[in-house]
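Colleague: These protein sequence lines map, in sequence, to chains A and B. In terms of the working numbering, the first sequence has 105 at position 105, counting the first letter as 1, and numbering is strictly consecutive. In terms of the working numbering, the second sequence has 156 at position 156, counting the first letter as 1, and numbering is strictly consecutive.
Treat each hint with caution, since some may be false.
Computed footprint of chain B on chain A; a stretch qualifies when at least three of its residues, placed anywhere within it, have a C-beta under 8 angstroms from a C-beta of chain B [said to hold, decoys possible]:
#, segment
1, 68-81
2, 98-108
3, 128-142
4, 210-219
Not the full set, but computed from the structure, chain A residues with beta-carbon under 10 angstroms of chain B [stated by the list, open to error]:
#, residue
5, Gly-175
6, Ala-223
7, Val-225
8, Ala-226
9, Leu-232
Calculated from the structure, these hints are not laboratory results. Beta carbons are placed, not taken as given, at the ideal position from N, Cα and C, and that holds for glycine.
2 protein chains.
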Amino acid sequence: MITLLVSPQDFEAAEIAVEGEAYRHLFRARRAEVGDPLRLVDGRGSARAGRIVRIDRKAGWIEPIEPIEELPANEPALRLTLLVPTLRPERASWLVEKATELGVAAIRFLHTERAPRDFGSGTLDRLRRVAVSALEQCHGATLPTIDGPHGWSGLGDLAEGLERRWVLDPGGDPGLGAEPETRTAVLLVGPEGGLTEGELATARSLEFHPVALGPRILRIETAAVAGAARVLL
Amino acid sequence: MITLLVSPQDFEAAEIAVEGEAYRHLFRARRAEVGDPLRLVDGRGSARAGRIVRIDRKAGWIEPIEPIEELPANEPALRLTLLVPTLRPERASWLVEKATELGVAAIRFLHTERAPRDFGSGTLDRLRRVAVSALEQCHGATLPTIDGPHGWSGLGDLAEGLERRWVLDPGGDPGLGAEPETRTAVLLVGPEGGLTEGELATARSLEFHPVALGPRILRIETAAVAGAARVLL
Chain A
1 MITLLVSPQD FEAAEIAVEG EAYRHLFRAR RAEVGDPLRL VDGRGSARAG RIVRIDRKAG
61 WIEPIEPIEE LPANEPALRL TLLVPTLRPE RASWLVEKAT ELGVAAIRFL HTERAPRDFG
121 SGTLDRLRRV AVSALEQCHG ATLPTIDGPH GWSGLGDLAE GLERRWVLDP GGDPGLGAEP
181 ETRTAVLLVG PEGGLTEGEL ATARSLEFHP VALGPRILRI ETAAVAGAAR VLL
Chain B
1 MITLLVSPQD FEAAEIAVEG EAYRHLFRAR RAEVGDPLRL VDGRGSARAG RIVRIDRKAG
61 WIEPIEPIEE LPANEPALRL TLLVPTLRPE RASWLVEKAT ELGVAAIRFL HTERAPRDFG
121 SGTLDRLRRV AVSALEQCHG ATLPTIDGPH GWSGLGDLAE GLERRWVLDP GGDPGLGAEP
181 ETRTAVLLVG PEGGLTEGEL ATARSLEFHP VALGPRILRI ETAAVAGAAR VLL
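Only chain A is shown next, with the shape it has when bound in the complex (with noise of 0.2 angstroms):
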């Protein structure tokens, strides 16, 4: 069955309206066709069963099949964010990819020493389709929340409220993983050279934990996907 991402609003409305790029995509690509079904996910967690009831040349129409039918979600329990350096767009694509597979709840870039770069404008919303693509490709239901970058200064408010937090260090603990009790967490991850003897001492500071995946350098997307793998898997 073929997931669709429509907004909240939609998601409670009697009949939806597909129009544009999504239309094209639904109903050109992936040849849906009038009587079809599809999982309807809001991004923030819900899915419903819902049936395409007519299509036109510029837009097609889906209502939800009543009686409401709630669907998996097929969510993680545990909300993780990941706070990543900028780094080029075709690996950050790359990253907002699969970590949107793996069930993230957000990706947050944050400006380091090593890593001060910006993203050109319109990166984050090529990231977001990527997002939102990957979302419907897996059959996810929350779309993660991306933005950036943000100011390093800014790591504790990033943090807050978020129960485990761990920081990617060669020198820290081996076994990343979370208790299946937590429900919340971060995972920082550094810039290519690492992120300074300063910024490791702010993140453990803000209780960042550090955490070690093997010996080897990885790219920092590398870094993000397998801790993702391992906290949320």
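Add chain B to chain A, keeping to what the hints say.
Modeller: Structure of chain B alone, referenced to chain A:
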């Protein structure tokens, strides 16, 4: 320090000549200079220290540092083979880069009923170059074997002698991971659309244990990399 992959013969030699593409990479792109120390690896799990002794316009020469100094190989204790369907070259390339960084010992492509396709000519060579580059970048010492596509009927041979065998299956057990004493293992990843019931039955009869990586449908390369992260890190 820069890691340089050399042939097993060169690894034992009193002097190593670097030419061609490796020359351009080391002396132009990375700007290595006479006197610079290098981490030499043989692609089979050994590392030692070397030093650049001479550079001219077409070649550079490296001598091992005497007495022979063995360096940490940065290898996982477990040798993991990934068996994966053929996939689009761009995604295969990502898979190879990430699996190499994580320390996978072999990436072997396999025909399945729902993904019977072959690679274009040159694809395996390109993938091997991606692995060399990833190995040097992450400071590993074992270059993964990359071969195939093998016929499905060869599955038993491919698994021969490997202690632990897993097949990814949405209906399988959660918690993929290896016991600390495991030395060899194989993870079989199905194609888009999954392995057929018949293929799953064959895998089970060859003692592949069905394991699940969460409720979502992961792309081939995501499943392979996430699985490797869970087993190796």
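Colleague: Next step is simple, just say for each hint if it's right about the structure.
Modeller: For each hint, the structure was consulted:
1. 68-81: As far as the segment 68-81 of chain A goes, the hint holds, because 3 residues have Cβ atoms under 8 angstroms from chain B.
2. 98-108: holds (count 4)
3. 128-142: Three-residue rule met by the segment 128-142 of chain A, so holds; n is 4.
4. 210-219: That given contact holds, which follows from 7 residues of the segment 210-219 of chain A lying within Cβ reach (below 8 angstroms) of chain B.
5. Gly-175: Since chain B brings a Cβ to about 9 angstroms from Gly-175 (chain A), closer than 10 angstroms, the hint holds.
6. Ala-223: holds (9 angstroms)
7. Val-225: Given a least distance of 6 angstroms, the restraint on Val-225 (chain A) holds.
8. Ala-226: holds (4 angstroms)
9. Leu-232: holds (7 angstroms)
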